[in-house]
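**Q** Model the placement of chain B with the ligand on the given structure of chain A, informed by the hints.
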Amino acid sequence: MAKGTELSQSEIEAIVERAKKGDREAFGVLVDQYKDKIYNYVSRMLSDPYEAEDVTQEAFLRAYRSLPRFRGASSFHTWLYRIASNLAIDVVRKRKRSEPTFSIDEPLESEEGEYERELPSEDGGPEQRATTRETRLAVRRAIMDLPEKLRDVMILYELQGETYEDIAEILDVPLGTVKSRLFNARNRLKENLRSLVEAGEIEVGQ
Amino acid sequence: MICKQAQEDLVGCWGCADELSSEILSHLEECEQCRHEALLLRETQVMLHSLPVERAPEGLTAQIMDRLPHEGQQAGWGERIARWLVPERRMQWGRAAALGAALAIAIAGGVYWYGQEQQTPLQEQVVATTPASETGGDERLAITDAELDELILKHQMLEMSQPLADDVGVGLVVYTSR
Ligand SMILES: [Zn+2]
Chain A
1 MAKGTELSQS EIEAIVERAK KGDREAFGVL VDQYKDKIYN YVSRMLSDPY EAEDVTQEAF
61 LRAYRSLPRF RGASSFHTWL YRIASNLAID VVRKRKRSEP TFSIDEPLES EEGEYERELP
121 SEDGGPEQRA TTRETRLAVR RAIMDLPEKL RDVMILYELQ GETYEDIAEI LDVPLGTVKS
181 RLFNARNRLK ENLRSLVEAG EIEVGQ
Chain B
1 MICKQAQEDL VGCWGCADEL SSEILSHLEE CEQCRHEALL LRETQVMLHS LPVERAPEGL
61 TAQIMDRLPH EGQQAGWGER IARWLVPERR MQWGRAAALG AALAIAIAGG VYWYGQEQQT
121 PLQEQVVATT PASETGGDER LAITDAELDE LILKHQMLEM SQPLADDVGV GLVVYTSR
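As you go down the protein sequences, you meet chains A and B in turn.
Going left to right, the first sequence walks through residues 1 to 206 as the numbering used here numbers them.
Going left to right, the second sequence walks through residues 1 to 178 as the numbering used here numbers them.
With the rest of the complex left out, here is chain A:
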């Protein structure tokens, strides 16, 4: 199976069945298929590349151990997200306990800079890149300022493209809760960015 190929739902189900029986190679295909998705999600939740890497690894290890008990009541990808979400929220809570003054004024970054693993994007000259970089930093801070329950829904819906129904399954909350959290998250994010936008300090690219 070629790496990076998008697999169909039925192909995934067949591979999950093989992995459930202990086929490591099949599980490797699942890791390849979902690692970027899970990493991006966890990375946005935690804003720390090292913790994101740890949590992503742990999520897959737990998935592997728990696979024999995966009955397929939900899709594999919502099940995997659910594991990752639990682990990420756990990290957020541990941070709160150990660092009550955890500040997003100094977002955690890797030594190479925060975007070393990003997909290449169309850019227009150094000046615009710098502005865009500041804007991204401000948005990341605004996201980190959301309470984790709102942040979770916001990231899953807006950045990961998950449906209301899948998010309800991932977070094990009613559909109405997903919608109201998303509404509140959008509102809070707008307020978090208001002063910067109104002061013209953020350049909104298209």
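Honestly, the hints are just simulated from the structure, not real lab data.
Any given hint could turn out to be false.
As the list claims (entries may be wrong) - Here are the simulated lysine to any residue pairs, SDA-like style, with alpha carbons at most 25 angstroms apart: (1) Lys179(A) with Cys13(B); (2) Lys37(A) with Gln45(B); (3) Lys4(B) with Lys37(A).
What the hints assert, rightly or not - Selected chain A positions facing chain B (in silico; Cβ < 7 angstroms): (4) Phe60; (5) Glu158; (6) Lys179; (7) Arg188.
To be verified - Chain A regions said to be covered by chain B (calculated; three or more residues, Cβ under 8 angstroms): (8) 31 to 38; (9) 41 to 54; (10) 61 to 70; (11) 134 to 144; (12) 189 to 200.
Quick caveat: nothing in here was measured; it's all calculated off a predicted structure.
Cβ atoms here follow ideal geometry from the backbone N, Cα and C, with glycine treated the same way.
**A** Using the frame of chain A, we list chain B with the ligand on its own:
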């Protein structure tokens, strides 16, 4: 009142006009405040969606595959203990302090284990102690120091009174550690 309704509706569609009722649309024409909120929402959305996708670091798949238990999900007792005693990334919650006690658990448990022809697989013990096993992500798996102390204490008591008793706590301690 209409401002409140207008601003709520605007959040639902990130400040766009497409899904608004004609009543709200005509309100927007005359209310500068609501137009400003619509603009803020649109800008917020554009900024949010301009965040690039972060890709998993190189070699992540290989690292994960290296860490998988080698005999499928039914990893042996000894392997689980070994994995627990030799942390792969960092020391956690006084693991070192618990080491001595864990060794005692491992030896006693191991003797029992091999004597019983594996009639109670560890996996089943673990299931019995983790209610939300289906999710694989039960928060309770992240055991606290106090819980660990209590488990070890309970185990030691059991060890003294019934040396060959099957202690599900052993499974929990081993399983929850990484
Ligand atoms: Zn108004």
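**Q** Would you mind marking each hint as holding or not holding in the structure?
**A** Going through the hints against the structure:
no., hint, in the structure
1, Lys179(A) with Cys13(B), "holds, 12 angstroms"
2, Lys37(A) with Gln45(B), "holds, 21 angstroms"
3, Lys4(B) with Lys37(A), "violated, 37 angstroms"
4, Phe60, "holds, 5 angstroms"
5, Glu158, "holds, 6 angstroms"
6, Lys179, "violated, 9 angstroms"
7, Arg188, "violated, 10 angstroms"
8, 31 to 38, "holds (count 5)"
9, 41 to 54, "holds (count 6)"
10, 61 to 70, "holds (count 10)"
11, 134 to 144, "holds (count 6)"
12, 189 to 200, "holds (count 6)"
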